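> Listed below are the residues making up each chain.
There are 2 protein chains.
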Amino acid sequence: MKKPLGELALIERIRSEWAASGRGNHSRVRNVALGIGDDCAILRPPSGHELLVTTDFTLEGRHFRREWHPPESVGHRTLARGLSDLAAMGARPLAAFLSLALPAEMLATRAGQSWVKRFFTGLHALADQHQVPLAGGDTSESPCGLVLADIVLLGSAPAGRALRRSGGRPGDALYVTGELGGAAAELAAMELRSGKRQPTLSHQTGKDGPPGSVAHPQLFPDPRIPVGLALLRRRLATAAIDLSDGLSTDLAHLCRESGLGADVSVDALPIHPLARKDNAAPNRALSLALNGGEDYELLFAAPPTVKVPRSLAGIGITRIGSLVRGRSISLVDLDGRRSPLQPGGWEHFTKNSRITPAPCMTPPKSFVRP
Amino acid sequence: MKKPLGELALIERIRSEWAASGRGNHSRVRNVALGIGDDCAILRPPSGHELLVTTDFTLEGRHFRREWHPPESVGHRTLARGLSDLAAMGARPLAAFLSLALPAEMLATRAGQSWVKRFFTGLHALADQHQVPLAGGDTSESPCGLVLADIVLLGSAPAGRALRRSGGRPGDALYVTGELGGAAAELAAMELRSGKRQPTLSHQTGKDGPPGSVAHPQLFPDPRIPVGLALLRRRLATAAIDLSDGLSTDLAHLCRESGLGADVSVDALPIHPLARKDNAAPNRALSLALNGGEDYELLFAAPPTVKVPRSLAGIGITRIGSLVRGRSISLVDLDGRRSPLQPGGWEHFTKNSRITPAPCMTPPKSFVRP
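Chains A and B, in that order, give the protein sequences. Positions in the first sequence are counted from 1; adding 623 to them yields this note's numbering. Positions in the second sequence are counted from 1; adding 623 to them yields this note's numbering.
Because the hints were derived from the structure by calculation, they are not lab data. Small disclaimer: the values here were computed from a predicted structure and weren't measured. Note that CB positions come from ideal geometry on N, CA and C, so glycine has one too. Some clues are possibly wrong.
Said to hold, decoys possible - Pulled a few chain A residues facing chain B out of the computed Cβ check, cut under 7 Å:
(1) I659
(2) D661
(3) D662
(4) C663
(5) A664
(6) E673
(7) L675
(8) L682
(9) Q752
(10) D761
(11) P766
(12) L769
(13) V775
(14) R787
(15) R788
(16) R792
Hey, can you work out the whole structure from these sequences and the hints?
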């Protein structure tokens with residue numbers, strides 16, 4: 624047993640590790656006048672810009688499982704969820720805030736402290752990539768033996784320019800970034816492997832190559848910040864949303880907010896190689912792409928007159944359909960046959976997810992009764 | 624059993640109830656360009672101001688117990704924690720964001736849905752009082768049958784003027800607002816009463832008078848936003864902190880950040896009537912005042928040349944001591960005898976609290992095993 628780490632010691636460690644790693648040097652820090660350690664952080668957003676704010680839970684047993692997701696992945700995903708929301712609006716990240724509740728026994732053991740250290744390694748690596756300082760947050764003892772995180776991201780965009788869900792117009796073409804269904808496919812593979820050894824990922828050494836959404840779309844999704852910035856700068860998009868809950872559900876959000884329907888070409892959907900692996904179940908790939916969720920790609924609408932390039936910021940862009948008048952959202956095949964596309968992605972409280980298991984029903988082995 | 628409420632339905636209910644109540648009309652809403660319902664909220668902070676950000680967990684079994692705290696109190700306290708951090712820096716609240724994880728069974732029953740409704744009644748009442756719009760957040764199913772909340776508060780202060788913990792100077796006088804120890808005393812009384820009927824509080828009708836920190840310092844603490852604004856506007860204070868963890872611990876924070884020690888006159892401490900109730904235990908009142916925590920009063924330092932009024936924004940102000948060179952923090956009695964004042968308030972992970980029980984060790988009756 625190591626000496627238990629108190630809240631002050633934990634805050635001090637986060638603050639000093641953050642400062643020591645040189646993260647205090649990058650340009651975005653000039654927007655943070657006062658970081659960790661006071662009652663509030665103080666930010667100075669760039670003038671002429673609006674401020675964008677998003678908060679996202681990452682709860683053990685709900686958004687990850689400690690025996691499936693390596694700690695670096697949990698840290699990465701915690702930050703990625705917030706960054707992806709900023710990307711969807713074309714915003715530049717300013718600062719992140721983390722509320723983190725840890726089980727008391729975690730801070731009392733070497734293994735537990737190592738888990739926390741590796742969690743921050745994953746979070747810091749993604750923060751460095753996007754030059755986002757961690758400017759504050761809260762810590763608490765978890766009341767139920769589970770790791771509970773809530774991330775807050777603040778970003779900025781030129782006033783009046785942020786991409787909203789509600790901006791779509793009839794006839795706009797619909798596009799997605801990257802490929803779909805990979806995150807759910809990797810999660811399903813992790814579930815199959817469960818009970819076997821946890822995958823080892825050389826996150827720091829890069830022995831398996833740098834982690835990223837191509838090899839590990841579930842563990843290390845890649846928030847599309849550069850694509851969002853390009854969409855905004857080049858005035859390409861009328862509306863956008865990130866694909867966190869699954870294309871079928873997130874498209875329904877965009878359509879509802881824009882007051883429109885949509886036609887989606889089933890054969891145009893870019894399906895992730897991991898989702899296409901199982902040749903014995905051809906419908907599975909489509910289901911993963913439509914309903915899998917957690918891909919953190921962007922879905923956006925662009926006027927038909929706008930020429931959207933085939934890639935933006937190095938990420939492939941695929942046209943998948945268009946916005947139409949009315950409220951119907953349909954899948955259309957090559958022969959023109961239409962079928963309704965029902966929201967089948969993730970919705971909390973109703974367990975309306977076909978892929979992601981409801982892990983809270985089967986507590987992880989590390990669950991300790993309070 | 625009522626029909627379970629999905630995440631979308633819950634968000635829609637929060638959004639529509641908020642809009643219907645006229646909360647969209649007050650002045651601060653002009654700072655919110657886009658509220659609940661997109662990937663991010665969009666804020667327009669006043670120009671020439673810095674932005675202040677704070678996040679605070681409110682976790683069942685850690686910060687409240689469902690069988691002790693009425694739901695209106697939980698909603699009130701959730702928001703009060705964040706508002707109090709803004710008050711400590713002299714900031715004006717701009718917007719709140721709430722991440723809320725609820726047990727699935729709560730949304731499936733009439734009693735559970737009533738709990739959620741009353742939680743928002745308490746939160747909204749305090750938000751209205753301080754004209755803070757709820758501009759967004761996240762919802763999730765709780766992974767462990769407990770209510771988990773994280774509040775984010777954004778505020779603004781004229782650039783360079785926010786009150787920091789670090790601004791204290793040797794010789795500055797130390798002041799506190801209101802009275803101390805009441806929150807911990809009321810919590811102890813609630814613990815004694817536990818097993819008996821939950822207190823009924825007529826939060827809406829005002830039958831017992833409006834709830835507030837005088838009658839219910841634990842259930843309905845009063846964040847000192849107007850005092851913080853007055854301190855800033857009248858340039859009275861050099862440093863400030865809110866008393867969330869207890870005077871002994873929070874004073875140590877202020878001293879550490881200012882690089883100073885302090886002398887506290889034990890006889891000057893303003894002790895809440897609830898803490899003074901038990902005449903059989905005279906030391907208990909002092910211990911509650913020094914270490915109880917959750918009073919959400921302000922502690923601030925002011926130069927000895929500054930005349931600090933006896934009340935600010937209607938709240939009594941009491942001089943309790945001064946900042947001194949060195950690192951020692953001492954209690955001083957009327958005869959000049961000194962004893963060291965050790966931080967004895969709340970610190971997470973180490974259970975360094977004498978008053979507040981560690982409720983996570985004894986799960987509430989409503990705890991449902993996942």
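> Out of the numbered hints, which ones does the structure contradict?
1, 9, 16
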